[in-house]
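Enquirer: Here is how the chains run, residue by residue.
Number of protein chains: 2
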Amino acid sequence: MSTRRGGRRPGKPDTREAILTAARTTFAERGFDAASIRAIATAAGVDPALVHHYFGTKEELFRATVAIPIDPAELLPGVLAGGPDEVGARLVRTFLTVWDSPVGTAAVALLRSAVNNEWTARLLREFLVTQVLRRVLDRLDLDPAETPLRGALVGAQMAGLAMMRYVIRLEPIASAAPETLVAAIGPTVQRYVTGPLDAA
Amino acid sequence: MSTRRGGRRPGKPDTREAILTAARTTFAERGFDAASIRAIATAAGVDPALVHHYFGTKEELFRATVAIPIDPAELLPGVLAGGPDEVGARLVRTFLTVWDSPVGTAAVALLRSAVNNEWTARLLREFLVTQVLRRVLDRLDLDPAETPLRGALVGAQMAGLAMMRYVIRLEPIASAAPETLVAAIGPTVQRYVTGPLDAA
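Respectively, the protein sequence lines represent chains F and C. Following numbering that gives the first Met the number 0, the numbering of the first sequence begins with 0 at its first residue and continues without gaps. Following numbering that gives the first Met the number 0, the numbering of the second sequence begins with 0 at its first residue and continues without gaps.
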């Protein structure tokens, strides 16, 4: 796991922490795209090479700031593998596989924190848009004018599923078999990604 | 507003508070259906008549415990008015009208609190199921075996919409015109209420 880089090459804990704090602030203030490693290094008072040394790429540093131990880039090829017509069901299935696993505990913690902290909310929003939604939608040859709304709709459906299954624990969603939810929610996500966005 | 009953007939503030505290505990522990006014009165150390005097019906007392100033029972006839085929769009439209209004601030506060507090989560779950979802679904002549899942799916979609529009503020959902969201999300809610729940 790339967030363990610091574990393999310990360095000074204060330097790591200073970089993480600077990264959190910079990503939240400027957004993922506009935040540069150079700006983060300057804010932390270290050389940019040290940021790469501890945290790897900007994506990896970003995941470390939001404490997300999985790399969406590794999961997305599987989601996209079946082509555009399969993407709804595969997205819901992959989402449940991750959140039902021990990693899901970190995801639930992030969701709780985002609800109560404006900065975490900004980081989560950036993470969703740049690391997950844009990556899926950019590969599907859709009308670029529509992709932001499509992405946000998928995000809303998935956030609501996470809320009900893991936080509010509303039955029968809380203990439903994953495939029950894939069958029920997959077509929704499919329509949000490739279907018409006005009334059918 | 029925939560103002105490305002019209002040009484002792401690008595009101004692009843509210007992109600919150009893509703969270037993659920709305099993919690009786008698049990709440006993827990508060007062006469049941006093509970009715301060808070009116069990529904009104329940709304006071979750600090929700609107009565879903007043809104639902409008949602159901166009018959089952209109229910998806009308539900989303009514939801946005309430949450976009000043009352929405209380709803967002409740959502935030439910995410971080197990008891508030239980109360919110009870509120959703007994005061909103069941009331809509019971009037639509559906297979009773399916209604709990249908209700939970509607709840998940609406909770996700609320998260993205009011809490995480993900664009373009955060500032979209209500009718854009009604057109995009209405068909989803419609399918969750009346459509097939397995893959189309």
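Don't read these hints as lab results, they were simulated from the structure. Predicted, not measured: the structure shown is a model, and the values here were computed from it. Cβ atoms here follow ideal geometry from the backbone N, Cα and C, with glycine treated the same way. Careful: at least some of the hints might be erroneous.
Derived list of chain F stretches under chain C, where covered just means 3 residues or more per stretch with a C-beta under 8 angstroms from a C-beta of chain C [unchecked claim]:
(1) 34 to 44
(2) 143 to 156
(3) 186 to 195
Enquirer: Which of the numbered hints are not met once you compare them with the structure shown?
Expert: The structure conflicts with hint 1 only, although it agrees with all the remaining ones.
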